[in-house]
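Student: Residue strings, one per chain:
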Amino acid sequence: AQSVSQHNHHVILSEAASLELGCNYSYGGTVNLFWYVQYPGQHLQLLLKYFSGDPLVKGIKGFEAEFIKSKFSFNLRKPSVQWSDTAEYFCAVNSAGNMLTFGGGTRLMVKP
Amino acid sequence: GAGVSQSPSNKVTEKGKDVELRCDPISGHTALYWYRQRLGQGLEFLIYFQGNSAPDKSGLPSDRFSAERTGESVSTLTIQRTQQEDSAVYLCASSSQPPGQETQYFGPGTRLLVL
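Chains as they are written, first to last, in this note's numbering: chain A, 1 to 112; chain B, 1 to 115.
Don't take every hint at face value.
Said to hold, decoys possible - Sample of chain A residues with no beta-carbon within 12 Å of chain B, all distances over it, derived: (1) 14; (2) 19; (3) 41; (4) 49; (5) 54; (6) 64; (7) 79; (8) 88; (9) 90; (10) 110; (11) 111; (12) 112.
Claimed, not checked - The calculated label-pair distances, taken between Cβ atoms and stated as ranges, are: (13) 78/B with 45/A: 25 to 33 Å; (14) 103/B with 12/A: 40 to 48 Å; (15) 58/A with 40/B: 40 to 48 Å; (16) 45/A with 74/B: 45 to 53 Å; (17) 17/A with 39/B: 42 to 50 Å; (18) 41/A with 44/B: 17 to 25 Å.
Treat the hints as calculated values from the structure; they're not laboratory data.
Quick reminder that beta carbons are idealized off the backbone N, C-alpha and C, glycines included.
Could you build the full structure based on these sequences and the hints that come with them?
Tutor: This is how it looks when you write it as structure tokens:
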């Protein structure tokens, strides 16, 4: 069975600080990896995804994530956060024929 | 185009009553998913529809929960004899591809409170 762990439940940063949110999964086969974001009062929306190819994936709003297969990780990064990045971030994984499994989420608060 | 819509946006009910939650997926999306998100927790998969059939109901927490989909469009999630632990946000998502490499598009959710 798939499982996803996000170890940071709450993160507080000041504007311009760098961000890295951890995501680890457990599944031995080929996986597809996603980061979804939920801004306050808005729907969950896709931030970026990895299916194959270059393990460094770039998404919207300056976010990127790196797939490290040997570490079963897909950490989300942004070099300089903005107040508007305040949101809840969810890592998710699936594989062929399997349902999308979400991590518990990380609430990011960026102080202006 | 229109995204995934859900109704009602909020529902308050008394313990023991039945509730119906509705999801309108993006037009043409054959796959539809229901999730539950309890306060402070991640998304918990409930059920998946491909067309009008449900190949995976493994996430339904009890026989009080059921769902159907008609016309390869609208889906209804029904919770019978609601309990306080059913209080959560119920999210619906749709995609144009079956599970695997799909991008799921989420609705705004229905916030259910069982008193």
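Student: Does each hint fit the structure? Answer for all of them.
Tutor: Results for each hint:
Listed as a non-interface residue, residue 14/A keeps its Cβ farther than 12 Å from every Cβ of chain B; the least gap is roughly 24 Å. Every CB of chain B is more than 12 Å from the CB of residue 19/A (nearest about 19 Å), matching its label as outside the interface. Once the 12 Å rule is applied to beta carbons, residue 41/A is inconsistent with being away from chain B; the minimum gap is 9 Å. Not every CB of chain B is more than 12 Å from the CB of residue 49/A (nearest about 7 Å), against its label as outside the interface.
The Cβ of residue 54/A sits about 16 Å from the closest Cβ of chain B, beyond the 12 Å cut-off, so the non-interface label holds. Consistency note on residue 64/A: stated as away from chain B, and its beta-carbon is indeed over 12 Å from all of that chain's, at 18 Å minimum. Even its closest Cβ contact with chain B, about 25 Å, leaves residue 79/A beyond 12 Å, as expected for a residue assigned away from the interface. Annotated as non-interface, residue 88/A brings its C-beta within 12 Å of a C-beta of chain B; the closest such distance is 10 Å.
Residue 90/A, annotated as away from the interface, has a beta carbon of chain B within 12 Å; the closest lies near 6 Å. Residue 110/A, annotated as away from the interface, keeps every beta carbon of chain B farther than 12 Å; the closest lies near 20 Å. For residue 111/A, the non-interface assignment is confirmed: its Cβ lies about 21 Å from the closest Cβ of chain B, beyond the 12 Å cut-off. For residue 112/A, the shortest C-beta to C-beta distance to chain B comes to about 25 Å, beyond the 12 Å cut-off, and the non-interface label holds.
Checked against the hint of 25 to 33 Å, the pair residue 78/B and residue 45/A passes, with Cβ atoms roughly 27 Å apart. Separated by about 30 Å at the C-beta atoms, residue 103/B and residue 12/A break the suggested range of 40 to 48 Å. The supplied range of 40 to 48 Å is broken by residue 58/A and residue 40/B, whose beta-carbon atoms lie about 30 Å from each other. Checked against the given bound of 45 to 53 Å, the beta carbons of residue 45/A and residue 74/B, roughly 22 Å apart, lie outside it.
Distance hint check: the CB atoms of residue 17/A and residue 39/B are about 28 Å apart, inconsistent with the given range 42 to 50 Å. In this structure, residue 41/A and residue 44/B meet the distance hint of 17 to 25 Å, their C-beta atoms being roughly 22 Å apart.
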